Amino acid sequence: PFASPAIEKIEVTGHAKVRRAKLYYLRSRTGKAARLRAL
18 PFASPAIEKI EVTGHAKVRR AKLYYLRSRT GKAARLRAL
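Everything in the sequence shown is counted per my numbering, starting at 18 for the first residue and increasing by one.
The set of hints was computed from the structure by calculation and includes no laboratory data.
What you are looking at is a predicted structure, and each value in this text was computed from that prediction instead of being measured.
By construction, the Cβ of each residue, glycine as well, lies at the ideal position given by its N, Cα and C atoms.
Careful: at least some of the hints might be erroneous.
What follows is a list of derived Cβ distance ranges for each label pair [to be verified]:
no.: 1; residue 1: P22; residue 2: A50; range: 36 to 42 angstroms
no.: 2; residue 1: A23; residue 2: T47; range: 31 to 37 angstroms
no.: 3; residue 1: Y41; residue 2: F19; range: 20 to 26 angstroms
no.: 4; residue 1: E28; residue 2: R52; range: 19 to 25 angstroms
no.: 5; residue 1: R46; residue 2: E25; range: 30 to 36 angstroms
no.: 6; residue 1: A23; residue 2: R46; range: 28 to 34 angstroms
no.: 7; residue 1: P22; residue 2: G48; range: 33 to 39 angstroms
no.: 8; residue 1: T30; residue 2: A50; range: 18 to 24 angstroms
no.: 9; residue 1: T47; residue 2: E25; range: 20 to 26 angstroms
no.: 10; residue 1: P22; residue 2: Y42; range: 33 to 39 angstroms
With the hints as constraints, model all of the structure from the sequences given.
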């Protein structure tokens, strides 16, 4: 859960520009092909 006492903090490691809500198409890709364009 998001508000669990076991979790001290959540840190965002990266943002990327994506045109769609569901990223299912990335599951089949591996390595550099699975990378997203950085914001």
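Hints and how they fare:
1. The given range of 36 to 42 angstroms is respected by P22 and A50, whose C-beta atoms sit roughly 39 angstroms from each other.
2. A C-beta distance of roughly 32 angstroms is found between A23 and T47, which places it inside the suggested range of 31 to 37 angstroms.
3. Between Y41 and F19, the C-beta spacing of about 23 angstroms keeps the proposed range 20 to 26 angstroms intact.
4. At roughly 20 angstroms, the beta-carbon separation of E28 and R52 lies within the given 19 to 25 angstroms, and the hint holds.
5. Checked against the hint of 30 to 36 angstroms, the C-beta distance between R46 and E25 comes to roughly 33 angstroms, which is consistent with it.
6. The given range of 28 to 34 angstroms is respected by A23 and R46, whose C-beta atoms sit roughly 33 angstroms from each other.
7. P22 and G48 have their C-beta atoms about 38 angstroms apart, which keeps the hinted 33 to 39 angstroms range intact.
8. A beta carbon spacing of about 20 angstroms between T30 and A50 agrees with the range 18 to 24 angstroms that was offered as a hint.
9. For the pair T47 and E25, the beta carbons lie near 32 angstroms from each other, so the given range of 20 to 26 angstroms is not met.
10. Taking the beta carbon of each, P22 and Y42 are about 37 angstroms apart, inside 33 to 39 angstroms as hinted.
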